Amino acid sequence: MALESPLVISEMVEASEFPELSDRFNVSGVPQTTINAGAGTVVGGVPAERLADEIDKALARKK
Amino acid sequence: MAERLLNDSVIGQVKQVFQNLKNPVEVIFFEAQEGCDYCADTRQLLEEVTQISDLLTFSAHDIQQDAELTQLLGVDKTPGFVVVGKEGPQRLDYGIRFSGIPAGHEFSSLIHTLLLVSNRDSGLDQKTRNFLAGLKEPVHLQVFVTPT
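Residue numbers (our numbering), protein chains in the order written: chain A, 1 to 63; chain B, 1001 to 1148.
Because the hints were derived from the structure by calculation, they are not lab data. Just so we're clear, the structure is a prediction, and the values are computed from it rather than from any experiment. Any given hint could be a false lead.
Facing chain B, according to a computed beta carbon distance under 10 Å, are these residues of chain A, among others [stated by the list, open to error]: (1) Glu4; (2) Val8; (3) Glu11; (4) Glu14; (5) Ser16; (6) Phe18; (7) Val27; (8) Thr33; (9) Ala48; (10) Leu51; (11) Asp53.
Under the rule of at most 16 Å between Cα atoms (straight-line distance), these lysine to aspartate or glutamate pairs were calculated in the EDC-like manner [to be verified]: (12) B:Lys1127 x A:Glu17; (13) B:Lys1015 x B:Glu1047; (14) B:Lys1086 x B:Asp1121; (15) B:Lys1136 x A:Asp53; (16) B:Lys1127 x A:Glu20; (17) B:Lys1086 x B:Glu1137; (18) B:Lys1077 x A:Glu54; (19) B:Lys1077 x A:Glu17; (20) A:Lys57 x B:Glu1137; (21) B:Lys1136 x A:Glu17.
All residues carry an ideal CB built from backbone N, CA and C; glycine is no exception.
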């Protein structure tokens, strides 16, 4: 997704090396995707379309 | 140098995948002098992977000493690295970051990412591409993973 938009940063985080961050976002299963520091969360591997929906919702929620 | 992390069989498989690389890619690695248990292994792993293809280059930086580059790329964890496209001396930053060692399961994510960036193609469907092209605000995705 980051490839398709200059506004998207995509960071893979190795959860066990950064436990504070994982705790902060309540990471219980992997993969878990956190959108904009907790504005949205997606648990599990999901199709791109579903992730796009969640990004959309997370951005709307912030306003 | 310590013993190799990648055996011949893995190198052979990666070499096959790397036949599909198109454009140069640089892996920009950040380490810290202290409190970074996985820095040495991550650095070695990335060095070994980038040596497999002439289209891949590797550079290592200290997160504190190279504060300017660290800030420019927004790196805040070690080991951490950024996968950028290269056009001559220019770095094309697509916003792709890794924090922590890409071992186990994540090794294939690393190889896949190098391929995507080299080919400058996300492989996403048109609908998702349109959505992403229409974004007006920054989106920071943090994908939490484990090596096993």
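Against the earlier hints, flag every one the structure doesn't satisfy and list their numbers going up. When the structure is compared with the hints, numbers 12, 16, 17, 18 and 21 turn out to be violated.
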